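Read top to bottom, the protein sequences are chains A and B. Just so you know, we're using the numbering used here here: the first sequence kicks off at 1 and counts up by one. Just so you know, we're using the numbering used here here: the second sequence kicks off at 1 and counts up by one.
Think of the hints as simulated: they come from the structure by calculation, not from any bench. These numbers come from a predicted model, not from an experiment. Ideal Cβ positions, reconstructed from N, Cα and C, are used throughout, including at glycine. Some hints here could point you the wrong way.
[Claimed, not checked] Have a look at the derived ranges for each label pair, beta carbon to beta carbon:
#1 P318(A) to V7(B): 43 to 53 angstroms
#2 P223(A) to K5(B): 41 to 51 angstroms
#3 E302(A) to Q4(B): 40 to 50 angstroms
#4 S312(A) to K5(B): 52 to 62 angstroms
#5 P223(A) to K262(B): 31 to 41 angstroms
#6 L124(B) to K335(A): 35 to 45 angstroms
#7 G202(A) to H63(B): 34 to 44 angstroms
#8 P223(A) to V7(B): 45 to 55 angstroms
#9 H63(B) to P318(A): 34 to 44 angstroms
#10 M315(A) to E207(B): 44 to 54 angstroms
#11 G176(A) to L54(B): 38 to 48 angstroms
#12 L448(A) to V7(B): 35 to 45 angstroms
#13 L54(B) to P451(A): 39 to 49 angstroms
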Amino acid sequence: MVTTNAIYESLVKIVGKNYVSNQKEEQYFYARDGGLMPPLEPDYVVLPKTTEEVKEIVKLANREKVPVVPTGAGLALTGLVIPQKGGILLDMKRMDRILELNEKARYVIVEGGTTHGALKSYLQKHHPDLRHSIPDSPPAATVVANVVIHGQGRLSQQHGFNSDMVSGLEVVLPTGEVCLIGSCSVSSFWFSKGAPLPDLSGLFLGWFGTTGIITKLGLKLYPCKKMRDVMLFLTDRVELVPDIMLKLSHTEMVEDVTISAQPLPLRYKGTFWIMAYITGDSEEELEFKRKMVWGALWGYFESRDLGPLSVSPDMKAPLMSMPSKDITRFADVAKGGGFQYAGPITPIEKFPAFIQKLEEVAQKYNVFYASTTRLIGSGHCMMFSFSFSFNRANPDEMARAKEALDECSKFALEEGGVLWKADLDEQKMLMEKMDPNTLNLMKKIKQLLDPSGIMNPGNWEAK
Amino acid sequence: MIQQKYVSQIHRCFRCGYCKFPTDYSSFNCPPYRRFRFETYSTGGRLWLIYAWLKGEIEWSEHLAEILYTCTTCKNCAEQCPMKFAPDIVDWIVGARSDMVEKGRIPPRVARFFEAVHGYGNPLKLLRSDRAAWANGTKPYSAGDEYLLYIGCLGSYDENGQKMAKSLVDVLEAAGVSFGILGNDEECCGNEIYMLGEMGLFQNLVEKNSQKFKELGVKKVVTLCPHGYNAMKNSYPTLGGSFEVYHYTQLLRDLVKKNKIKPSRNKIKVTYQDPCFLGRYNNIYDEPRQVLQSIPAVELVEMERNRKDAFCCGGGSGNFVMDLLAGDEDSPARVRVREAYATGADTLVVACPSCMTMFTDAVKTEDLDGKLMIKDISQIVRGSLP
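When you get a sec, could you build the whole thing from the sequences and use the hints?
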């Protein structure tokens, strides 16, 4: 074991002194995220620029048995990149190039630290006919980090999780080899992450950086229509929401369906705001889709269980913005700079039960709540967020918010949901409930890929 | 007051990172973050560290102070932050700096900046008696003049700033404007002193300048520098200053409109740098462009990041002297001259002596000397006069 200083010097040799820090200020900041998990400091924060540098860092970490935690913008809020056992924290955001775009095969290859904001901007400027499934996390969120946690975005209703839209990977394995995953392993084209080969992308997606570091990513792009609109519907009949979601999905006309619920302002309490986004290349196409959506929901309009809401330009602008700034603004509802959400992936039939639980828990712990639900994959499931905001200057409120989240997660799991971007406590809950053979398989995979146990240790650690 | 405000509010930052971007998210628009790339150098990082320092979770260190002082107070963060407290962010940073100043815990370069302004009336530590050396017979302000032309420190002492000052004087004289300067009696405007958190010295400068203006009967001040414009427009009135303030580009725009200057020659392709203290701080975006567009032979092309999304030159908050963001290809001024050159313009036009200084150095480092000229608007106008 070399001394701490020797590791620092080795890191400086790899990336240059401007991009390594072992100073308190960087250790403090990278020890935490905006959520509620307790902070733990890295020993070093390193900003690599190339795959080669990442590879050398991983080899060094392997030799010295030092943990490595790759991070994007740290916006998962569940502490997934809080270095549980110290070591090297790799902030990937200097690897931010957009390397290639294939218009005819509709994919883009980006480096491991490219932000969603930069990709969106690039597509708008250079390829306005194409788009990607942008999530509603802030634009600093990286494309890779988002797929590593199985994020969702504006195209998830049609195309599934954002990780389903991956079309290839370059990964630095925990032992330092650089590995291509998908069609790019046998071809110069990055059009598929697996098929027709064995799909090895599952060894990395959803693993929170515990099995390797993604340094390049192929991402599928989709047609970007010239026009886009949002239709807003309101109901106070929570039990009808799953069916409304299904009916919207059945039209195959909507690109995105979200449902919002929040208790304030008071006029919002007890109502559910259903937003259906449509796109078209002409007003005629949009109008046709509007009619289809109206037709699908007409019965509810007639029974007055659901009403369309006219959307003023002031109201429409934030609904149309991608990503949604309103979701971020929730952090300041309590004027305290914090929010976290448990976002179980669950069958949509569970919506009423989850809403009831959310309201109960918020009342029990006296915390402010909101919920945004996103339909995923033509109604196969939804992401339901139990969101609680808190004041970072109020430790008691933070503790209550954490208890509320834990109770919601436990409930979601009991109800058949699967916890999304699970924090350490939730990972334990998941692994306890998981089929033992599946858990054992995960353990074997982890041991095979990361024999030294250096990659983001603490996460997905099966006992 | 500013200190109380930041102490009670600063924990509200969620570190979402919107503050790092321009409106279209195309690149990083926070100068220190663009330069250093550690999250600690972003606005969110800075605010979280300040809060940690307030709570006693981290000790003061030179590194902490350096992180705090690399902020150029360009206000991109306030423009982009989605939260209701967005307009207060720069005040929070200035408030924390003010605390550090009071505790005597500031980087040596900042301390030297204060000492120079306190002792010499300028941050360059040059003699007061040389302040008007550039002026070459320019008329001193006297009762009855319509405008006091306030030159500022860079315009008075910096070689490139002096060129701006001379050029502006020529244009104003050619247009028959009634004006005069303070010459060696001029004192630092204090804008940077405020942004760096030395509130006592700032107040002292405001009082001195305001008193001088009052004694001379000054009713209208026109500034060469957007930093001076900002201080006099927004801070002086709260401390008793009572006079109208204009930036010189506003005056030139009026002169063009009134046909008092008729630019004609000068066939060039230019791009324009919005100074932070003119644009984001005071919403002056159109006037400088209108002046440029009034010159028939000038073709104005925009950089991708412009107006409220303009990328700061890196000189704000005294960094035109202290230069805490220098030394790398990611230094803001170097990034920006590359961006300007990429537009195909042969001239990067500025309206601020700080931008002038930063970019003049950057074109040399980037080996763009001779390929991209740096000129201010008055130089463009003067060059186009018949």
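That 44 to 54 angstroms hint for M315(A) and E207(B) (C-beta), does it hold up?
-> Since M315(A) and E207(B) have Cβ atoms about 49 angstroms apart, the given range 44 to 54 angstroms holds.
So the hint says 38 to 48 angstroms: do the beta-carbon atoms of G176(A) and L54(B) match that?
-> 42 angstroms Cβ-Cβ, so the 38 to 48 angstroms window holds.
Regarding E302(A) and Q4(B), is the given constraint of 40 to 50 angstroms on their beta-carbon distance met?
-> violated (58 angstroms)
So the hint says 52 to 62 angstroms: do the beta-carbon atoms of S312(A) and K5(B) match that?
-> Violated: the Cβ-Cβ distance is about 34 angstroms, outside 52 to 62 angstroms.
Satisfaction of the hinted span 35 to 45 angstroms by the C-beta atoms belonging to L448(A) and V7(B) = violated (52 angstroms)
Kindly confirm whether 41 to 51 angstroms is satisfied by the beta carbon distance between P223(A) and K5(B).
-> holds (49 angstroms)
Cβ-Cβ distance between L124(B) and K335(A): within 35 to 45 angstroms?
-> Roughly 43 angstroms apart at Cβ, these two residues keep to the hinted range, so it holds.
Using the beta carbons of P318(A) and V7(B), state whether their distance is inside 43 to 53 angstroms or not.
-> Cβ of P318(A) to Cβ of V7(B): about 31 angstroms, so the range 43 to 53 angstroms is violated.
Range agreement (Cβ of P451(A) with Cβ of L54(B), hint 39 to 49 angstroms) = Taking Cβ atoms as reference, L54(B) and P451(A) lie about 44 angstroms apart, which means the hint holds.
Lying within 31 to 41 angstroms: is that true of the beta-carbon distance P223(A) to K262(B)?
-> This hint is violated: roughly 53 angstroms between Cβ atoms.
Pairwise beta carbon distance, H63(B) to P318(A), judged against the given window 34 to 44 angstroms = Taking Cβ atoms as reference, H63(B) and P318(A) lie about 39 angstroms apart, which means the hint holds.
Evaluate the given range 34 to 44 angstroms for the C-beta pair formed by G202(A) and H63(B).
-> With Cβ atoms ~42 angstroms apart, the hint holds.
Checked against the numbered hints given earlier, this structure breaks hints 1, 3, 4, 5 and 12; the rest are met.
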